[in-house]
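A.B. asks: Chains C and F are the protein sequences, given in the same order.
The numbers in UniProt numbering rise by one with no breaks, and the one at position 133 of the first sequence is 133.
The numbers in UniProt numbering rise by one with no breaks, and the one at position 108 of the second sequence is 108.
Note that these hints are calculated values from the structure, not bench results.
Model, not experiment: these values are computed from the prediction.
Think of the CB as a built atom: it goes at the ideal place given N, C-alpha and C, for glycine as much as any other residue.
The reader is advised that the hints may include incorrect statements.
Claimed, not checked - Computed, partial: chain F to chain C, Cβ under 8 Å:
| id | residue |
| --- | --- |
| 1 | Ile40 |
| 2 | Ala45 |
| 3 | Gly47 |
| 4 | Arg50 |
| 5 | Val80 |
| 6 | Thr82 |
| 7 | Arg91 |
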Amino acid sequence: MVDQPVDVDAVGENIAGEAPAEEPAAVTDDAVVHDDDVELERTIGLVGGLAIGIGTMIGAGIFVFPGLAAANAGLAATLSFAIGGLIALLVALPTSELATAMPRSGGGYYFISRGMGTAYGAIVGLGLWLGLMFASAFYLVGLGHYASAVFAELNVALPFSPVIGIGLLFGAALTALSIGGTENTAKIQNVVVGVLLVVLTVFLSYGVLDAVGVFGGGTVPEQFFSRGYFPVLTTAALVFTSYLGFAQVATVAGEIKQPGRNLPLAMVGSVLIVTVFYVVTIFVATSAFGADRLGEFGETAMVEVARDFLGLPGAVAILGAGLLATFSSANASILSASRAVYALSRDALLPRKASEVNLRYGTPHIALLSAGGPILVLVATGRVELLAEVASFLHLIMYGLMCIALLVLRRRNPEWYSPSYRVPGYPVVPAVGALASFGLIAFMQPASIGIGIVVMLASYLWYRYYAGDVILKGDI
Amino acid sequence: MTDRLSILVPIRVLEGESVPEGVPELLAHAHVVLLGYHVIPEQTAPGQARMQFEDRATERLDEYEEMFEDAGATVERRLVFTHDGQKTIDRMIAEHDCMAVLVPNATGPVEDVLVPVRGAIGVDRLARVVANVFGDMDADVTLYHVADEDTTDDDIQTLLGGMADRLAEFGMDPSTIETRIDRDQNPLDAIVDVADAFDTVVMGETDPSLSTFVFGMPADQVANRFLGPVFVVQRERAEEDE
Numbered sequence: 001m002v003d004q005p006v007d008v009d010a011v012g013e014n015i016a017g018e019a020p021a022e023e024p025a026a027v028t029d030d031a032v033v034h035d036d037d038v039e040l041e042r043t044i045g046l047v048g049g050l051a052i053g054i055g056t057m058i059g060a061g062i063f064v065f066p067g068l069a070a071a072n073a074g075l076a077a078t079l080s081f082a083i084g085g086l087i088a089l090l091v092a093l094p095t096s097e098l099a100t101a102m103p104r105s106g107g108g109y110y111f112i113s114r115g116m117g118t119a120y121g122a123i124v125g126l127g128l129w130l131g132l133m134f135a136s137a138f139y140l141v142g143l144g145h146y147a148s149a150v151f152a153e154l155n156v157a158l159p160f161s162p163v164i165g166i167g168l169l170f171g172a173a174l175t176a177l178s179i180g181g182t183e184n185t186a187k188i189q190n191v192v193v194g195v196l197l198v199v200l201t202v203f204l205s206y207g208v209l210d211a212v213g214v215f216g217g218g219t220v221p222e223q224f225f226s227r228g229y230f231p232v233l234t235t236a237a238l239v240f241t242s243y244l245g246f247a248q249v250a251t252v253a254g255e256i257k258q259p260g261r262n263l264p265l266a267m268v269g270s271v272l273i274v275t276v277f278y279v280v281t282i283f284v285a286t287s288a289f290g291a292d293r294l295g296e297f298g299e300t301a302m303v304e305v306a307r308d309f310l311g312l313p314g315a316v317a318i319l320g321a322g323l324l325a326t327f328s329s330a331n332a333s334i335l336s337a338s339r340a341v342y343a344l345s346r347d348a349l350l351p352r353k354a355s356e357v358n359l360r361y362g363t364p365h366i367a368l369l370s371a372g373g374p375i376l377v378l379v380a381t382g383r384v385e386l387l388a389e390v391a392s393f394l395h396l397i398m399y400g401l402m403c404i405a406l407l408v409l410r411r412r413n414p415e416w417y418s419p420s421y422r423v424p425g426y427p428v429v430p431a432v433g434a435l436a437s438f439g440l441i442a443f444m445q446p447a448s449i450g451i452g453i454v455v456m457l458a459s460y461l462w463y464r465y466y467a468g469d470v471i472l473k474g475d476i
Numbered sequence: 001m002t003d004r005l006s007i008l009v010p011i012r013v014l015e016g017e018s019v020p021e022g023v024p025e026l027l028a029h030a031h032v033v034l035l036g037y038h039v040i041p042e043q044t045a046p047g048q049a050r051m052q053f054e055d056r057a058t059e060r061l062d063e064y065e066e067m068f069e070d071a072g073a074t075v076e077r078r079l080v081f082t083h084d085g086q087k088t089i090d091r092m093i094a095e096h097d098c099m100a101v102l103v104p105n106a107t108g109p110v111e112d113v114l115v116p117v118r119g120a121i122g123v124d125r126l127a128r129v130v131a132n133v134f135g136d137m138d139a140d141v142t143l144y145h146v147a148d149e150d151t152t153d154d155d156i157q158t159l160l161g162g163m164a165d166r167l168a169e170f171g172m173d174p175s176t177i178e179t180r181i182d183r184d185q186n187p188l189d190a191i192v193d194v195a196d197a198f199d200t201v202v203m204g205e206t207d208p209s210l211s212t213f214v215f216g217m218p219a220d221q222v223a224n225r226f227l228g229p230v231f232v233v234q235r236e237r238a239e240e241d242e
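With the sequences and hints as input, model every part of the structure.
C.D. replies: Below, the structure written as structure tokens:
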């Protein structure tokens, strides 16, 4: 058993006079140990970690984006997804190192606040909390599209578009479920992800065989860069929301068993797996219909692709899978947002009250409500692309800063920093990861960038006002 | 008896579970590993529960620790916040090298101890626990076996006799040891029925198999149906390979 001492002292107090909770005395393979023999058990294994990562990501990339991406970039959307995957991988590797050095809850926020100081930590932490809300809202709108497609399939004509209404309904239901439910949701999540992967593998295998002409219906390959080169990058920025999930694994780093082994495997593994699925999906989808028609189908384009290959049963299977996937992504993001609130309140950047656990259900109702409430407002806007980009923006800032935090920590090499996993290709990989993360932001729509900057500014001002005296930086 | 055996006493410390009457006296001669644990839903980070509940849990554990020490036990304690109570209990068993886990239920002064003996495997550990915990008490021990058709009386005598010898070796007075045999019954039902007349039960853990997976461990089932305290003697754990 590795017994890693933790030597980071968080000091100071916020405007309400609350000091950061003391740091644990040590972290082991099985628990986080505080003084007085109080321990926090680690209960999530490798499968659980992968399920969090894949479950969060796969909903967006496969079930919402193919149509939108194909409309923007044509067949080259395949390349956009590959670029997104590459950037995610470049960030996942440094994140793994940081996570094995500091396997504590809070993920990127924790690494950055300890490595670079409270100000950066606050911007990232509050940004992550809001970013996860944008992401959840995005998944919920996607869910709304799939639920509406079910109505369309049943030939139920509605006088209005039910997309937003359904999104709101599920948003409220999910929040209520997380507060009141004590069922074993992690096991359900594992099963859901397993089912999704099986359905997708069958579907995509058929699609690939069809696309290369095995079933005689081979398609004429259209021009790869049918929309030019630039849209490939803007599309990569748009679809990057499909790669946010691996960082959610880090937000529960404090609960992962054998973190030195399981954290890198879960993060890097989930990125690699979803990247392959995304690229193949886009390839299959665009080769079935061509980018133009695919774009017309919008958010639920995959249903039409499945119908084209396998008829009604295919369409129904993908509809069901889409509902499951967007639902599980939204659920995972709400839970992560609540974890982010906890991490911030533990460090006195938010009121301690915010992470209070209610006595009846043992769930953090205030943290969950403070995620669920704003999500509903965001869902009501119904702007899929904007929600996705703002979520990506806030995450990309965190990703870039994580890479920088790694560079800083490696240079100063403080005594407490002893990761059991070391990033290959240092310093090139984290440096390129940081550049790529920040670089991708430049290709977003101005509106998304504007909202993102406002969120960051507001986070910084909140920190100055509320917790200006709190020092979280490790001794470096 | 100088070497005290470690016995794990898991208590769900924040859910109103406390140390029932008679349990401290029962463990007066043991080394008690007092585990206070709190199971939280997955939506909640364990650290979050800790921030809020640590003080209250510590207070209660202090109280329990004192009860055990007053009765004569040596005590080691842990407080764990977990999503998975079973995993925590298993880890404690391994880390503290616990010979048995006590399912704590209330009991009066212990006079009669029932020890169901299933087979030759694990008899040694079973005997050590019985001798250690009850050796210096004024208690009668009944070794009990539910035989199936194919088992001859000789086999049973060898089994229970061997167990009795082992107990004597560990320093128990042979006159306090009795044996009892029943035939052609469902072992589990038989044990629960017979246990009614006893104050406590000490039994071995079964190796995991399909039927234990489906129906649960027999020891746990007895613990659920018998109202008194049950010692579940842990099977020998293979050294884990790294």
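A.B. asks: Each hint should be assessed against the structure and marked as holding or not.
C.D. replies: Against the structure, the hints:
| no. | hint | in the structure |
| --- | --- | --- |
| 1 | Ile40 | 5 Å, holds |
| 2 | Ala45 | 5 Å, holds |
| 3 | Gly47 | 6 Å, holds |
| 4 | Arg50 | 6 Å, holds |
| 5 | Val80 | 5 Å, holds |
| 6 | Thr82 | 3 Å, holds |
| 7 | Arg91 | 6 Å, holds |
Hint violations for this structure: none, all hints satisfied.
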